[in-house]
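As a plain string of letters, each chain reads:
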Amino acid sequence: MSHDHDHHHHHDNELDPFAARVRALETILTQKGLIDPAAVDAIVDTYETKVGPRNGAKVVAKAWSDPAYADWLKRDATAAIASLGFVGRQGEHMQAVFNTPDTHNMIVCTLCSCYPWPVLGLPPVWYKAPPYRSRAVIDPRGVLAEFGVTLPADMKVRVWDSTAELRYLVVPMRPEGADGLGEDQLAELVTRDSMIGTGLARQPA
Amino acid sequence: MSRHDDSGFALEAKVFDEPWQAQAFAMTVALHQKGLFSWGEWAEALSSEVKKPDAAADGHDYYEHWLAALEKLLAAKGFAATSDVDAYAAAWERAAHATPHGKPILLENDPQAHAPG
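Protein chains in written order, with numbering that gives the first Met the number 0: chain A, 0 to 204; chain B, 0 to 116.
Mixed in with the good hints there might be a few duds.
[To be verified] As a list, the in silico DSBU-like pairs of lysine-lysine whose alpha-carbon atoms are at most 30 Å apart:
no., chain 1, residue 1, chain 2, residue 2
1, A, LYS57, B, LYS13
2, B, LYS76, B, LYS102
3, B, LYS51, A, LYS73
4, B, LYS102, A, LYS31
5, B, LYS51, B, LYS71
6, B, LYS102, A, LYS61
7, B, LYS71, A, LYS31
8, B, LYS76, A, LYS73
9, B, LYS50, B, LYS76
10, A, LYS61, A, LYS49
11, A, LYS61, A, LYS31
Simulated from the structure, these hints should not be mistaken for laboratory data.
Generate coordinates for the entire structure from the input sequences, incorporating the hints supplied.
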């Protein structure tokens with residue numbers, strides 16, 4: 000290795016090893032014509048700015064407001080969600096699991112980090128981390144308590160394990176006192192965690 | 000697992016901590032769309048990385064596992080050999096080193112000029 004450049008030079012530009020490997024992959028795949036850097040940038044933009052839990056909140060608010068839509072969502076969530084323009088590109092099917100006074104639903108991916116991207120965007124860090132992935136199934140009530148959610152003792156908790164092919168969306172219960180609110184106002188009550196099942200919908204102000 | 004971070008939607012939150020994480024994520028999505036692997040194959044590759052016992056409990060190393068999974072899958076399928084990735088990564092690091100601050104880092108800036116491979 001030749002070191003003939005000026006040592007007073009400021010070596011401010013450092014790539015950390017991960018960044019360098021990503022660039023290396025990009026170089027190789029671009030040279031082989033397997034990847035288009037512009038398409039990659041467009042995907043980043045989509046997930047940074049366009050896809051997120053607001054999508055899911057619209058789905059839930061519509062289900063709260065429109066019984067026919069709720070019924071469709073129950074029977075064929077993939078189609079009902081796609082009708083609002085939220086479509087997955089990973090070939091996954093969607094299933095909506097509805098919370099009821101008897102049953103609370105929670106989603107996890109014990110395998111890796113499968114998550115309903117089109118409706119919730121990318122998962123929060125804790126969803127992808129080992130403690131949640133291992134404990135959600137074994138001790139869902141303990142996990143819920145850490146999120147500040149305490150359920151009545153006689154309420155069942157169902158945990159749904161996502162896969163590459165099937166992703167779940169929790170439809171939280173519509174809060175009391177939300178009568179007369181429009182879909183946009185209802186959507187404001189729907190939090191990301193309420194659609195994972197580690198939270199409940201907000202109470203109307 | 001951090002509990003009460005439900006203050007807002009991910010649209011306001013930062014999705015990626017570092018640009019390379021976004022690039023690694025988006026390349027995976029793009030390569031799947033191009034049909035280089037099925038999403039099931041990807042989930043399996045990612046799973047075998049994130050289930051390693053040294054995975055951090057706070058999940059901060061998630062995209063490091065993601066990148067390792069992508070490299071292994073692409074190597075196994077013959078799209079990017081590990082030795083090529085090593086060589087180009089070294090070239091990129093040299094290029095970064097040789098690029099004055101404030102200028103874009105280009106692979107051509109690698110003082111060992113002719114690219115590997």
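Here is what the structure says about each hint:
1. LYS57/A <-> LYS13/B: Given pair LYS57/A, LYS13/B holds - Cα atoms ~21 Å apart, limit 30 Å.
2. LYS76/B <-> LYS102/B: It is violated: about 36 Å lies between the C-alpha atoms, which goes past 30 Å.
3. LYS51/B <-> LYS73/A: With a Cα-Cα distance of about 36 Å, the restraint between LYS51/B and LYS73/A is violated, given a limit of 30 Å.
4. LYS102/B <-> LYS31/A: 27 Å, holds
5. LYS51/B <-> LYS71/B: 15 Å, holds
6. LYS102/B <-> LYS61/A: Violated, at about 49 Å.
7. LYS71/B <-> LYS31/A: With Cα atoms ~18 Å apart, LYS71/B and LYS31/A stay inside 30 Å; holds.
8. LYS76/B <-> LYS73/A: Violated: LYS76/B and LYS73/A sit about 39 Å apart, past 30 Å.
9. LYS50/B <-> LYS76/B: 22 Å, holds
10. LYS61/A <-> LYS49/A: 20 Å, holds
11. LYS61/A <-> LYS31/A: Not satisfied, since the Cα-Cα distance of roughly 45 Å exceeds 30 Å.
When held up to the earlier numbered hints, the structure conflicts with 2, 3, 6, 8 and 11 and fits the remainder.
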